[in-house]
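*Asks:* Protein chains in written order, with the working numbering: chain A, -11 to 107; chain B, -11 to 107.
Hint data in this document are derived by calculation from the structure and do not stem from the laboratory. Incorrect hints may appear among the rest.
Partial chain B-side listing against chain A, Cβ under 8 Å, derived [said to hold, decoys possible]:
1. Ala(-10)
2. Val(-3)
3. Tyr(-2)
4. Ile7
5. Gln9
6. His11
7. Val16
8. Val60
9. Met62
10. Arg63
11. Thr70
12. Cys89
13. Leu94
14. Ala98
15. Glu101
16. Leu103
No residue lacks a Cβ here, since even glycine has one placed at the ideal position from N, Cα and C.
Protein chains: 2
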Amino acid sequence: MAFDPATLVYDDRGLIPAIAQDHASGEVLMLAWMNEGAVARTLATGRVTYWSRSRQAFWVKGETSGHVQRLVEMRIDCDGDTILLLVDQTGPACHTNRRSCFYTGLRDGAEVELLRPEA
Amino acid sequence: MAFDPATLVYDDRGLIPAIAQDHASGEVLMLAWMNEGAVARTLATGRVTYWSRSRQAFWVKGETSGHVQRLVEMRIDCDGDTILLLVDQTGPACHTNRRSCFYTGLRDGAEVELLRPEA
């Protein structure tokens, strides 16, 4: 059936969490938020577009940094309240210049840096 | 440095999103929510424990179904407001009996079922 972004389940702020995963390596890169308009724009343009909670504006990933995310496939979960984005990530996904935002691991009760910023 | 679950960033409900990923295959299995107590219990027991928003109670994943998640490693993101769980998943992660909750893909504007329930 044809997909309508309005059928997803948004929270009381009108947002839904979106996980970005590298389509080739399977690495989980980041989690950010979308509203209905961001879902529609991402599907229409193939450029992953989030909703910035801090700026209260659309956030076309990589628009200023060049670290764009090209949408390979959007998936939705069983409850319709989470999005999984399979993406082709140019450069680092994290604003710290690391490949993934999940660069801190907990090992033996302590934080360990797993990734270094890229050059 | 030693990790304290209180240092994570919880939303106004006291919750933080947690992504579960198969540690071996890289498959993203589900997203659920934790509060500070669930983070602490997961780290202490090695059994992934969420906070059920519907039941308002701890949810030891697989406690009734047997489809447990053993924690391999917990990671946190750059903002401290999302958790990534690398897990060893027994059986299907989804309550629909599918391996992953993200079994619906959007292709050519339509919903496509990517995974079937397991036998």
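*Asks:* For every hint, state whether the structure bears it out.
*Replies:* For each hint, the structure was consulted:
The interface hint given for Ala(-10)(B) holds, since its Cβ lies 6 Å from the closest Cβ of chain A, which is under the 8 Å cut-off. Contact between Val(-3)(B) and chain A, as hinted, is not supported at the beta carbon level, the nearest pair being about 12 Å apart and thus beyond 8 Å. With its C-beta approaching chain A no nearer than about 14 Å, Tyr(-2)(B) sits outside the 8 Å limit, and its interface hint is violated. Against a cut-off of 8 Å between C-beta atoms, the interface hint on Ile7(B) holds, since the closest Cβ of chain A lies about 6 Å away.
Interface restraint check for Gln9(B): the shortest CB-CB distance to chain A comes to about 6 Å, inside 8 Å, so the restraint holds. Hint status for His11(B) relative to chain A: violated, with the closest Cβ pair at about 11 Å, above 8 Å. Interface hint status for Val16(B): upheld, as the beta-carbon distance to the closest one in chain A is roughly 6 Å, under 8 Å. Interface restraint check: Val60(B) against chain A, minimum CB-CB distance 10 Å, threshold 8 Å, status violated.
Using the Cβ-Cβ criterion of 8 Å, the hint placing Met62(B) at the interface with chain A is satisfied: the shortest such distance is roughly 5 Å. Hint status for Arg63(B): holds, given a least beta-carbon distance of 4 Å to chain A, under 8 Å. At a threshold of 8 Å, the smallest CB-CB gap from Thr70(B) to chain A is about 4 Å, leaving the interface hint in force. Against a cut-off of 8 Å between C-beta atoms, the interface hint on Cys89(B) holds, since the closest Cβ of chain A lies about 4 Å away.
For Leu94(B), the shortest C-beta to C-beta distance to chain A is roughly 5 Å, which falls under 8 Å, so the interface hint holds. The beta carbon of Ala98(B) is positioned within 8 Å of a beta carbon in chain A (closest approach about 6 Å), and the interface hint is therefore held. A cut of 8 Å between beta carbons decides the hint on Glu101(B): the least distance to chain A is about 11 Å, and the hint is violated. Interface hint status for Leu103(B): violated, as the beta-carbon distance to the closest one in chain A is roughly 10 Å, over 8 Å.
The structure is inconsistent with the numbered hints 2, 3, 6, 8, 15 and 16, although it conforms to all the rest.
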